[in-house]
Amino acid sequence: EVQLLESGGGLGQPGGSLRLACAASGFTFRTYAMNWVRQVPGKGLEWVSGISGYGTTTYYADSVKGRFTISRDNSRNTVHLQMNSLRAEDTAIYYCAKDSLMNFPHYFDSWGQGTLVTVSS
Amino acid sequence: DIQMTQSPSTLSASVGDRVTITCRASQSISTGLAWYQQKPGKAPDLLIYDVSSLKPGVPPRFSGSGSGTDFTLTISSLQPDDFATYYCQQYNTYSWTFGQGTKVDIK
Numbered sequence: 001e002v003q004l005l006e007s008g009g010g011l012g013q014p015g016g017s018l019r020l021a022c023a024a025s026g027f028t029f030r031t032y033a034m035n036w037v038r039q040v041p042g043k044g045l046e047w048v049s050g051i052s053g054y055g056t057t058t059y060y061a062d063s064v065k066g067r068f069t070i071s072r073d074n075s076r077n078t079v080h081l082q083m084n085s086l087r088a089e090d091t092a093i094y095y096c097a098k099d100s101l102m103n104f105p106h107y108f109d110s111w112g113q114g115t116l117v118t119v120s121s
Numbered sequence: 001d002i003q004m005t006q007s008p009s010t011l012s013a014s015v016g017d018r019v020t021i022t023c024r025a026s027q028s029i030s031t032g033l034a035w036y037q038q039k040p041g042k043a044p045d046l047l048i049y050d051v052s053s054l055k056p057g058v059p060p061r062f063s064g065s066g067s068g069t070d071f072t073l074t075i076s077s078l079q080p081d082d083f084a085t086y087y088c089q090q091y092n093t094y095s096w097t098f099g100q101g102t103k104v105d106i107k
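Residue numbers (the working numbering), protein chains in the order written: chain A, 1 to 121; chain B, 1 to 107.
It is worth saying that the hints were derived from the structure and are not from the lab. Heads up, a few of these hints could be off.
To be verified - Cut-off 30 Å, straight-line C-alpha distance, at most; resulting in silico cross-link-like pairs (DSBU-like, lysine-lysine):
| id | chain 1 | residue 1 | chain 2 | residue 2 |
| --- | --- | --- | --- | --- |
| 1 | B | K39 | B | K103 |
| 2 | A | K43 | A | K65 |
| 3 | B | K39 | B | K107 |
| 4 | B | K107 | B | K55 |
| 5 | A | K65 | B | K42 |
| 6 | B | K103 | B | K55 |
| 7 | B | K39 | A | K43 |
| 8 | B | K107 | A | K43 |
| 9 | B | K42 | B | K103 |
| 10 | A | K43 | B | K42 |
| 11 | B | K42 | B | K55 |
| 12 | A | K43 | B | K103 |
| 13 | B | K55 | B | K39 |
| 14 | A | K65 | B | K107 |
| 15 | B | K107 | B | K42 |
Stated by the list, open to error - If you only want the chain A side, here are some residues facing chain B, beta carbon under 7 Å, derived:
| id | residue |
| --- | --- |
| 16 | E1 |
| 17 | F29 |
| 18 | P41 |
| 19 | W47 |
| 20 | Y54 |
| 21 | T56 |
| 22 | Y60 |
| 23 | M102 |
| 24 | P105 |
| 25 | Q113 |
| 26 | G114 |
As the list claims (entries may be wrong) - Residues from chain A that face chain B, not an exhaustive set, calculated with beta carbons under 8 Å:
| id | residue |
| --- | --- |
| 27 | A88 |
| 28 | T91 |
| 29 | Y95 |
Fair warning: this is a prediction, and the values are worked out from it, not measured in the lab. We put the beta carbon where it would ideally sit given N, CA and C, even for glycine.
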């Protein structure tokens, strides 16, 4: 059974940083791209970032490009999202989502339970 | 980026009703279209991918159709467990966008 467990959410200062982690199990981690998708509570879904199975290619939404960095450690079955220069509009639930393919984001066949990030002074 | 527009935003229906949700892309996305179901306080759950392929375990009352820019999610006979919000998502290009969601609530 695929399991994705996010951590690292919490309160961040405007202009500050947070680092999210997603621990994966139940599948061959290195053979799937991984993604982060966020959702402002009560609002819709926004894809944020994706990373290929071997970590060689990364993808970002324009809204976070240059501020967020996605990475993965295939030896530990984890994916991270380093969030810098935080803005109030980054406040959202952040979901880790397993992709259906290896090389680039596609559709997301398993999701974690989410971690809430609040950006406020 | 490709914009995805769902309609309606809210749909009130009764158990047993046939329900149809539409999703329109701002440009052709071929067959790169998925549907997700989300219940309050929970993560989204994949229902359908590649327009019409059901994720294993999804009940056959769910079906998807369409191509190009216009797509449909149909629930043939609405069940109590189906009251939720539904999102479409395109993955045809190197940008991955969702529709704004359709909430299906009890009439």
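A quick look at each hint next to the structure:
1. K39(B) / K103(B): Distance ~10 Å between K39(B) and K103(B) Cα, so the pair holds.
2. K43(A) / K65(A): Roughly 21 Å between the alpha carbons, so the hint for K43(A) and K65(A) holds.
3. K39(B) / K107(B): Roughly 17 Å separates the two Cα atoms, so the pair holds.
4. K107(B) / K55(B): Answer holds: K107(B) to K55(B) is near 28 Å, not above 30 Å.
5. K65(A) / K42(B): 27 Å, holds
6. K103(B) / K55(B): Distance of about 21 Å is within 30 Å: holds.
7. K39(B) / K43(A): 13 Å, holds
8. K107(B) / K43(A): 22 Å, holds
9. K42(B) / K103(B): Answer holds: K42(B) to K103(B) is near 14 Å, not above 30 Å.
10. K43(A) / K42(B): Given pair K43(A), K42(B) holds - Cα atoms ~13 Å apart, limit 30 Å.
11. K42(B) / K55(B): Cα-Cα ~18 Å, so holds.
12. K43(A) / K103(B): Holds, because 11 Å separates the two Cα atoms, which is no more than 30 Å.
13. K55(B) / K39(B): 17 Å, holds
14. K65(A) / K107(B): Since the Cα atoms of K65(A) and K107(B) sit roughly 42 Å apart, the hinted pair is violated (cutoff 30 Å).
15. K107(B) / K42(B): OK: K107(B) and K42(B) at ~22 Å, within 30 Å.
16. E1: 12 Å, violated
17. F29: With Cβ-Cβ at 18 Å, over 7 Å, it is violated.
18. P41: 10 Å, violated
19. W47: At about 4 Å, which falls below the 7 Å cut-off, the nearest Cβ of chain B leaves the hint on W47(A) intact, so it holds.
20. Y54: 18 Å, violated
21. T56: Violated. Min distance 15 Å.
22. Y60: 10 Å, violated
23. M102: 14 Å, violated
24. P105: At 5 Å from the nearest chain B Cβ, P105(A) passes the 7 Å test, so the hint holds.
25. Q113: 6 Å, holds
26. G114: Holds. Min distance 6 Å.
27. A88: 21 Å, violated
28. T91: 17 Å, violated
29. Y95: It holds, given that the least Cβ distance between Y95(A) and chain B is near 6 Å, below 8 Å.
In this structure, the earlier hints numbered 14, 16, 17, 18, 20, 21, 22, 23, 27 and 28 are contradicted, and the remaining ones agree with it.
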